[in-house]
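Please work from the sequences and hints to get the whole structure.
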Amino acid sequence: MGLVSTSVLLPISVAVPLGGAALLAGFSWLLPRRARDLIAIAVALATTALTLSLVAASAGHPMIYWFSGWRPSAGMVIGIDYAAGPLGAGMASLAGVLASAALVYSWRYFDSARGRHHALVLIFLAASVDFCLTGDLFNLFVAFELVAVTAFALTGYNAGHPGPLQGAINFAVTNSLGGMTVLMGVGFLYARTGSLNLAQIGQALAGRHADGLVVVAFALLTGGFLVKAAVVPFHFWLPDAYGSAPTPVCVLFAGVMSELGLFAVIRVWDTVFSGLAGGVGPRMRAVLLGFGILTAVVGAVMALAQTHLKRMLAFVTMSHLGIYLIGAGLLTPLGLAGASLLVIGDGLAKSALFLGVGVVQHQRASVSELKLRGQGRGLAVTGVTIVLGALVLADLPPFVSSAGHALLVDAADEVGLPWMELVIALSVILSSGAVLRAAGRIWLGWGASESSRPDTGTADDPGEENEDDGRPRSGRRERVPLTMVLPPLALLAIGLGLGLTSGIEEHAVAAAAAFSDRTSYAAGVLGTHGSPIPPRGPAVPASPELSAGGVLTDLGQVLAALGVAALALNPRAAGLRRALAAGTGWLRRLHSGLVGDQVTWLVAGLALLAALGEAALH
Amino acid sequence: MSRRARLMFFAVAAAALAVTLGVGLAGLPSFGSQVSAYARMLNEVSGRQRHVTDVVSAITFDYRGIDTLFEEFILLGAVTGISVLLRPLSDETRQLPEDKAPDRGIPPPSPAVWLLAVFLSSLLVLTGLETVTHGTLTPGGGFQGGVILASALYVVYLGTNYRTVERYQPDALLESSDGVGAFGYVFIGLLGLMAGDVFLTNVVGLGVTGNPISGGIIPLLNLTVGLEVAGGFAILASEFLDQTAVIRTKTGPR
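Top line first, the protein sequences correspond to chains L and H.
For the first sequence, this note's numbering begins at 1 and goes up steadily by one.
For the second sequence, this note's numbering begins at 1001 and goes up steadily by one.
Calculated from the structure, these hints are not laboratory results.
Values in this document were obtained by computation on a predicted structure and should not be read as measured data.
Where is the CB? At the ideal position from N, CA and C, for every residue including glycine.
Fair warning: there could be bad hints in the mix.
Claimed, not checked - Pairwise CB distance ranges, derived in the manner of DEER restraints:
hint, chain 1, residue 1, chain 2, residue 2, range
1, L, D413, H, E1044, 53 to 59 Å
2, H, E1092, L, D413, 27 to 33 Å
3, L, L30, H, Q1095, 45 to 51 Å
4, L, A277, H, M1008, 38 to 44 Å
Stated by the list, open to error - Pulled from the structure, derived: some chain H residues nowhere near chain L, Cβ distances all over 10 Å:
hint, residue
5, R1006
6, L1021
7, P1029
8, R1048
9, S1083
10, T1093
11, A1101
12, R1104
13, S1122
14, T1164
15, S1177
16, L1190
17, G1192
18, G1207
19, F1240
20, R1248
Given below as structure tokens:
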């Protein structure tokens, strides 16, 4: 009975948000405003609770669920399965937490859309959960598309203004192309293996040498997912979309959507391609690390160049995504565990930052760092939120990001890449420094005034976009509603709580080990052994002295980020800033915001990925 | 990038991608050479296991029914998203089209058009219902039939004038149909759980092969999808018509 009752959690985790969304979409005309808000929040919280219990229930052995009761027969998969482990379920519950926070924050926010905005958020949540749990490649594509369709509409919420409209269009064009490449990749693999099930495809390819078709399928699938993950050079749509989406939507994007793209890359690699013959792992590691480093550094440099707060956070998000790709791309359980804890810890912090910026935008009607100089008075709590969020992104202990960072550094050492720590530190210091600089200017009034920065208004930095967020603005100095102040603080508190949870590193390593073990995954799904997989004894890394060293590194990063902010605001360092701005001008000009450029980069990226895939797999 | 640089860059990148795709295509099994093992097996067993004559229906609504649930929600998400994007914005008002001469009413539609619309729409309703209900037997089902049903409403739009459509259009009914249809699929899935089995298990009798009511829950799922699609496509038409005919910026037409 115990097994039956917990396996029910899997379908219920998607049925609850889907059912809630359908009712909100169909009957919003019947429901009073408050009821719509309450129903949406209740459904998101329930989904969070369900996926959290999945994390607990699937620890130790993965949970397999065959929809419609079609179990594999004679070694052939007939139906579609969910294959949940703590890693996927954890990702799903992060989506639930952030969707709940976004809905609480948008209490009475999206009133002009009646309940339909909330329905879209819930569909987005359901699609994310499906994405994390599914064991079927085509179902993964369907979830990818459902996330995309709802995300396009949510981005364009303020479509009456040119910025959000353009952002949504760029997003829709590039991500639709990404979806098509994924679909083509699915088609190629199906043509080769005659299966759509991840485990079965992986078994069909295992031990064989990759030929052209398999390499192309790899490039198309991975490329499509990297568009969603916004990895260089597939990332150009990201600042446009994040910069123009409403704040609560940014939370979902920055904390969930990009990470889902990365999740899919690793899930498909681990279950489908990792069994290819010829020692493909180490060469693929080099490819993924290359993309990761490039993304981390480009994102950090670009973040420092922004004065539009939402675009800045978009690039911060991107930089951190590069770091997760470094962790996951090490292709070891330790690296994946580190990346997973970072995804959780940073996701909470990034969301808190977006919500904090949303409060500033609501109260001061601007998201321009320069226009807001010295305008932070009266918004002290939000200021603390933003500074704390930036420090957490720099891996301030004892928040959970710090634990993830320590694991990631250990993982890089383990495979003989100790210098990776420096790349990560550089990216983290620069991107957090950018946010701290903005906070210093807004709340302390430090730094030069507007006139000294002539580069606002370029395509790279559009300056002010006066958004219609649907909120009534009675007076500029009204009290900030608690529903806006509390969610970001709650998110930071969760990050702190997880960081203080003892043994979280061990749990993460065990979850990552189960996630990346292709053969036992396949055995579990295809039922080729009777008993559940025995819990593996993972090499638990974090010895006390390493942790102490990790704490020192983290504190160093935090101090360095503060130093970067101070340098960026110091009037005597103006020459240095001008030199840096001139040196990075070419990079900023590449981010032209033109959809033609973005598609060109996407096509080039796919071709590059195919060439690298050929080198790594063949 | 300048226009020229972009074109050059794109040409090189696209050529490289074309080579890549060419390599992939060359690895595919040649046309008509073989059917995959998965397809072969489903062709063999679906008639026996699910009492259907349309194998595609059995695959979409039974063997891979959870995919179709999410596909139904892609449609719901798209329709909901479009109605969010096309809602009257803060600088827009709703203003019914009016004849500029105040002493003259809007001319009624021609009786010929009106008659044709009545004839066509009833035919479309009939065809739509036929397509929705016969998904287990012949190609068709809820998605296709729903679109046909919604197009009956489009024909009614054509046969009358916009003021009448605005007055009588059952907006709430259409939205409810969209929502109930989507919820219905989830609900039928939950019936499996309530019966003590898994989500989307068949919980009703399979019927006699060739009978319209056969295939277990497949006809029921077709009905809910038909409701959702008909409502969704009707909402789409009404949103787009509103955007062109009724919604005006406060300073003048877009």
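Going through the hints against the structure:
no.: 1; hint: D413/L <-> E1044/H: 53 to 59 Å; in the structure: holds, 54 Å
no.: 2; hint: E1092/H <-> D413/L: 27 to 33 Å; in the structure: violated, 59 Å
no.: 3; hint: L30/L <-> Q1095/H: 45 to 51 Å; in the structure: violated, 27 Å
no.: 4; hint: A277/L <-> M1008/H: 38 to 44 Å; in the structure: holds, 39 Å
no.: 5; hint: R1006; in the structure: violated, 6 Å
no.: 6; hint: L1021; in the structure: violated, 7 Å
no.: 7; hint: P1029; in the structure: violated, 6 Å
no.: 8; hint: R1048; in the structure: holds, 13 Å
no.: 9; hint: S1083; in the structure: violated, 6 Å
no.: 10; hint: T1093; in the structure: holds, 13 Å
no.: 11; hint: A1101; in the structure: holds, 32 Å
no.: 12; hint: R1104; in the structure: holds, 34 Å
no.: 13; hint: S1122; in the structure: holds, 27 Å
no.: 14; hint: T1164; in the structure: holds, 21 Å
no.: 15; hint: S1177; in the structure: violated, 8 Å
no.: 16; hint: L1190; in the structure: violated, 6 Å
no.: 17; hint: G1192; in the structure: violated, 8 Å
no.: 18; hint: G1207; in the structure: holds, 17 Å
no.: 19; hint: F1240; in the structure: holds, 14 Å
no.: 20; hint: R1248; in the structure: holds, 13 Å
Checked against the numbered hints given earlier, this structure breaks hints 2, 3, 5, 6, 7, 9, 15, 16 and 17; the rest are met.
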